[in-house]
Amino acid sequence: MSTAIWWIRRDLRVSDNQALAAALSRAEQVLPVFVLDPKLLNSSYVGEKRLAFLYAGLRALDNDLRQRGSGLVVRSGDPVHVLTDLHREVGAGAILAEADHSPFARRREQRAARLLPLHLIPGLTVHSPHEVVKADGTPYTVFTPFSKAWLGHPWPGDPLPAPDWIPTLAGVMGEDIPPSSPLSVQIPFQAGETEAQRRLDAFIENAVYNYGDERNRMDLAGTSGLSPYLRFGMLSARQAVAAARQAEAQATDAESRRSAETWLNELIWREFYIAILYHFPSVRQTAFRPALRNLSWVNNLDDFDAWAQGRTGYPVVDAAMRQLLQTGWMHNRARMIAASFLTKDLLVDWRWGERHFMQHLIDGDPAANNGGWQWTAGTGTDAAPYFRIFNPVTQSQKFDPDGAFIRRFVPELVNVPNEFIHTPWKMPSDLQTQIGCRIGKDYPAPIVDHQLARERVLSVYKA
DNA sequence: TGAAATGTTGGGGCG
DNA sequence: ACGCCCCAACATTTC
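Be aware that the first sequence starts at 1, since it is given in the working numbering, and climbs by one per residue.
Read the hints as simulated data drawn from the structure, not as lab findings. Yeah, the Cβ is synthetic: ideal placement off N, Cα and C, and Gly gets one too. Hints may be right or wrong, so weigh each one.
[To be verified] For each label pair, taking beta carbons as the anchor points, the in silico distance ranges come out as:
#	residue 1	residue 2	range
1	Ala135	Arg68	39 to 49 Å
2	Arg245	Arg438	48 to 58 Å
3	Asn332	Ala445	22 to 32 Å
4	Ala404	Pro38	37 to 47 Å
5	Ala291	Asn332	21 to 31 Å
6	Asp85	Ala135	41 to 51 Å
7	Asn299	Arg107	26 to 36 Å
8	Phe280	Arg68	38 to 48 Å
[Said to hold, decoys possible] With a Cα cut of at most 25 Å, we get these calculated BS3-like pairs of lysine-lysine:
#	residue 1	residue 2
9	Lys134	Lys148
10	Lys441	Lys426
11	Lys426	Lys398
Working from the sequences, and respecting the hints, build out all of it.
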């Protein structure tokens, strides 16, 4: 029996898996392999919540595979060594893997391809980064033309159904999937493609048609909540885009259609940032815009800690940062507000924030996270202009009007009346005493004055 | 996928 | 009736 190795990285699914399909078409049986790479597991950009979600995802995939044949083989080590051993051990022909486009993944793939018959298959994105380029072959660096070109590309075909039966080589020794840490009980995402599909269906059923407005509301569940699943490929990009297009086609009024389009646009942003990191790997180290590579950051450690722990005295920022620590996820609007506060109000290097987010986000993805931070800091491609500074009070009033989001994550403020929920430092002192929330004692006073901070960052960026 | 400063307009109060 | 002021509402520009 001929065997192909299916090297799994961030495609933890059996449905719409083109690498798996390619492996099945090449050989009579497959060996599904996941390699735990110590280089990744010990990186300062990886945290325990994302690892817990990965391990839970591996268990879910193992189950899904067992129902269709036999299970997943997990081994630790340098993937090139592990694959070389396995390749020899089982006498495999080809190794098939969904191409990953991050600089780290590409170096790894290139090392493997020099020694092994590795075939890289598309699927991480709907359109590969090297395909969506300008007529002269250079990459897009502005989103709108990129999205136009992306939409102009031919649809690569409908998502593949999950195979009922996957002929799998059994009996190959593997390791146990590591247990998810106890913290995983606090993760509000169940891993696996069944759950991903359930969430997608629920979102498409209803919420996608209100996405245009409600996606910005931090107190509502207006977003898809699919980012962890897209991050690990428990849902494929093509499955998500197909659902968005279907929702667009089925919309019964202009507003619903606009909402579905807006969600599709967000999926295209994901592909845009994957393409940016692919074409400009240096954005991982430094600002895309050379003029903004030597900003005079203040980088005060106490400020950074206050931000990271959710003790800035600005309720919406603190709620955002505590949502991250508690749940491993943060609302996108909250990410922008928190990132603007760190870079613009505190003048802390965006890379500090980028690393913190990567350590705590379950959906932490090098391309999207870097793109988001550079966008906010104004240093990136198609970035927010440097003078676009979020006012944490105005944003809070607009996108958490009753303070429900704040009260959910900042319990000290539970009894603060709506009038003061966005600006608790303005409470009269007798009210503070009365409700047991004394500013400076029970809840911090603002660590910076936004108006002054605004002036400061404008002069620094101008310089 | 901002916010603040500045400019313009028009209604209403008032002498 | 008229000019003047105030100011809210909206538009434009500036950072």
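Straight-line Cα separation of lysine 134 and lysine 148 no greater than 25 Å? 11 Å, holds
Range agreement (Cβ of arginine 107 with Cβ of asparagine 299, hint 26 to 36 Å): 29 Å, holds
Would the pair lysine 441 and lysine 426 pass a check requiring their Cα atoms to be no farther apart than 25 Å? 15 Å, holds
Assuming the hint says 41 to 51 Å, is it satisfied by the Cβ distance from aspartate 85 to alanine 135 or not? 46 Å, holds
Given the range 21 to 31 Å, decide if the beta-carbon distance of alanine 291 to asparagine 332 lies inside it. 27 Å, holds
Do the Cβ positions of phenylalanine 280 and arginine 68 conform to the proposed distance bound of 38 to 48 Å? Given range 38 to 48 Å: holds, Cβ gap about 40 Å.
Return holds or violated for the Cβ distance of alanine 135 and arginine 68 against the range 39 to 49 Å. 44 Å, holds
Does the Cβ pair arginine 245, arginine 438 satisfy 48 to 58 Å? Since arginine 245 and arginine 438 have Cβ atoms about 53 Å apart, the given range 48 to 58 Å holds.
Assess, step by step, whether the Cα of lysine 426 is no farther than 25 Å from the Cα of lysine 398, and give holds or violated. Answer holds: lysine 426 to lysine 398 is near 19 Å, not above 25 Å.
Does the Cβ distance between alanine 404 and proline 38 fall inside 37 to 47 Å? 42 Å, holds
Between asparagine 332 and alanine 445, is the Cβ distance one that fits in 22 to 32 Å? 28 Å, holds
Taken one by one, the earlier hints all hold for this structure without exception.
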